[in-house]
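In case you want the letters, here they are:
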Amino acid sequence: MFEVKDMTVSYPDGSKAVKGMSFRLEDGESAVLIGANGAGKTSLFLGIMGVLPHGGEVRLGDLVQDKKTLEAFRQKAGLVFQNPDDMLFMPRIYDDIAFSLRNYGEPEDVVREKVNAIAEKLGITELLGRSSVKLSGGEKRMAALAAILVSEPEFILFDEPTAFLDPKARRRLIETLKTIDCTKLIATHDLSFAEEAARRGIFIRKGELFDDGKLDKLLYDEKRMDECGIEALGI
Amino acid sequence: MSGITEKVSQIYSFEEYAARDLEVNRINPIVKIGLVFLFICVIVSFSRYQFFELVPYIFFPMILLAVAELPAGMFLKRTSIVIPFCLFAGISNVIIEQSPAFMIGSFNVSFGLLSLVTIIFKAMLCVAAVLFLVGTTPFTQLSAALRRMHIPQIVITLFEMTYRYIGTLAEETSDMYTAYLLRSQRAKGIRMKDMGSFVGQLLIRSSDRAERVYAAMKLRGYGMSGGGASAGLTRGSALKMTGRDWAILFIMAALILLPRFVSIPALYMQFVERFF
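Protein chains in written order, with the numbering used here: chain A, 392 to 626; chain B, 65 to 340.
Warning: the hint list may mix true and false statements.
Here are a few chain A residues that face chain B, going by a calculated C-beta distance under 10 angstroms [as the list claims (entries may be wrong)]:
id	residue
1	T399
2	S401
3	Y402
4	D476
5	G529
6	R596
7	L600
Some chain B residues judged to face chain A by a derived CB distance under 10 angstroms, without partners named [unchecked claim]:
id	residue
8	I75
9	A83
10	E87
11	E133
12	F171
13	N172
14	F175
15	P202
16	L222
17	F223
18	G231
19	R284
It is worth saying that the hints were derived from the structure and are not from the lab. Where a beta carbon is used, it is the ideal one built from N, C-alpha and C, also for glycine.
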């Protein structure tokens, strides 16, 4: 179970990006976080992961995220950044994927085994020896995803995962996301993608919870979506 | 791909060579670092007139190039990068030291020219040794070896971050430069009047990007207090020296030191005089 209660996220200058958000995801549940540009999706994610200071409570199972538990929390939760370039900083994709395992002190033979297994699962084995500089957007996205999945987190946050992807890569990503068993919260304003990725939608507007419910109704509600600052499906 | 990104791609291409499953790539990185360090120290220890004593060292990069299967053209091109700097440093010698050192046919070679050639040769040998090291050792192993050698953590972190942010900075520069050129009619580069804001914006963007990269690193365990890497990227404990490593270290060290204490060109001349 993942839960945020009355969460507030502040920027270093003191301005509030997220104000009093509360929601809960059951184990294995997928939900999309929908909001217009600047609604606070990324800030919420950075607050959940403890990158930005936050108020309120973030709970993953029995673990409440605070300064003392931050390392343990980050081992259980992963964040896939909007721009995969931010996550691919090592000279080779292999080292990018192995990065977290090495930091968690896994022996090199276990690292090799896990990296190869996840690369095979995502179909990126041929990328392992290459530098991210030479990869396409879709390949980078898959490599960034592998870098998170390799440490087998219980909960993953995806920040605009379809950004920079062509339709084919987007389709591949959707199929891949369906094979991931853990609890997922996916931030997007791509509503057709949202419809395929999850059944539940959490809507955010100006840093506040706007709505929380079944996507099949909400996404087609032109008036409600307009209030949220996004364009409803089917218009 | 713009020129800047292409250059970064070339830097990182060494990682692809280093990742290959070759015998030379499997040598313990501590041994390679030690030997490269020794090689550079020995090369630097020759005086600026000892060109002929240095000549035997040309065989080291030639042999290692073949063993490591590195492309000779690329290797030579990278090695020759130092030539302009050496010319800048040694050109004054040619003017100041005009007394003759020896003759090649009717051409009088001055001590100044000899020292210039020696400086270039020494610099190229040193660069070749470093290129060999990075072309046969993955970056993660290099930093792990440095950690194992008890190099201060701050130095290693600086080395790792610099290597990583070169790509980040180059990508930002490349994107901004391309966008600039596309909107500036017939400009062949950045105009001086725009240089200030270009560099300023580059600094801000790079800083933002660096913050995001650092956040991504922290979220994946970088700098964890209880983690295996304990504030590092790679663990040095796995790089234990074996008997084979020690053997390679001693044999290669002896081969590097030999031409320093025994003049191979003098031996060769004696051999020629005695038998021919």
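Results of checking the hints against the structure:
At about 19 angstroms, the closest approach between the beta carbon of T399 (chain A) and any beta carbon in chain B exceeds 10 angstroms, and the interface hint on this residue is violated. Contact between S401 (chain A) and chain B, as hinted, is not supported at the beta carbon level, the nearest pair being about 16 angstroms apart and thus beyond 10 angstroms. Of the supplied interface hints, the one on Y402 (chain A) is violated, with its beta-carbon coming no nearer than about 13 angstroms to a beta-carbon of chain B, more than 10 angstroms. With 10 angstroms as the threshold, the beta carbon of D476 (chain A) comes within range of chain B, its nearest partner Cβ sitting at about 7 angstroms, so the hint holds.
Annotation: G529 (chain A) was flagged as interfacial toward chain B, and the flag is violated, the nearest CB pair being 17 angstroms apart, outside 10 angstroms. Taken as an interface hint, R596 (chain A) does not check out: its beta carbon lies about 25 angstroms from the nearest beta carbon of chain B, beyond 10 angstroms. Violation of the interface hint for L600 (chain A) is found here, the shortest Cβ-Cβ separation to chain B being roughly 24 angstroms, above the 10 angstroms cut-off. Of the supplied interface hints, the one on I75 (chain B) holds, with its beta-carbon coming within about 9 angstroms of a beta-carbon of chain A, less than 10 angstroms.
Nearest Cβ of chain A to the Cβ of A83 (chain B): about 5 angstroms, under the 10 angstroms cut. The hint holds. Of the supplied interface hints, the one on E87 (chain B) is violated, with its beta-carbon coming no nearer than about 18 angstroms to a beta-carbon of chain A, more than 10 angstroms. With its C-beta approaching chain A no nearer than about 15 angstroms, E133 (chain B) sits outside the 10 angstroms limit, and its interface hint is violated. Contact between F171 (chain B) and chain A, as hinted, is not supported at the beta carbon level, the nearest pair being about 47 angstroms apart and thus beyond 10 angstroms.
For N172 (chain B), the interface hint is violated, the least distance from its beta-carbon to any beta-carbon of chain A being 49 angstroms, above 10 angstroms. For F175 (chain B), the interface hint is violated, since its Cβ never comes within 10 angstroms of a Cβ in chain A; the closest pair sits about 44 angstroms apart. Evaluation of the P202 (chain B) hint against chain A yields a held restraint, the C-beta minimum of about 7 angstroms falling below 10 angstroms. With 10 angstroms as the threshold, the beta carbon of L222 (chain B) stays out of range of chain A, its nearest partner Cβ sitting at about 15 angstroms, so the hint is violated.
Taken as an interface hint, F223 (chain B) does not check out: its beta carbon lies about 13 angstroms from the nearest beta carbon of chain A, beyond 10 angstroms. Hint status for G231 (chain B): holds, given a least beta-carbon distance of 6 angstroms to chain A, under 10 angstroms. Annotation: R284 (chain B) was flagged as interfacial toward chain A, and the flag holds, the nearest CB pair being 4 angstroms apart, inside 10 angstroms.
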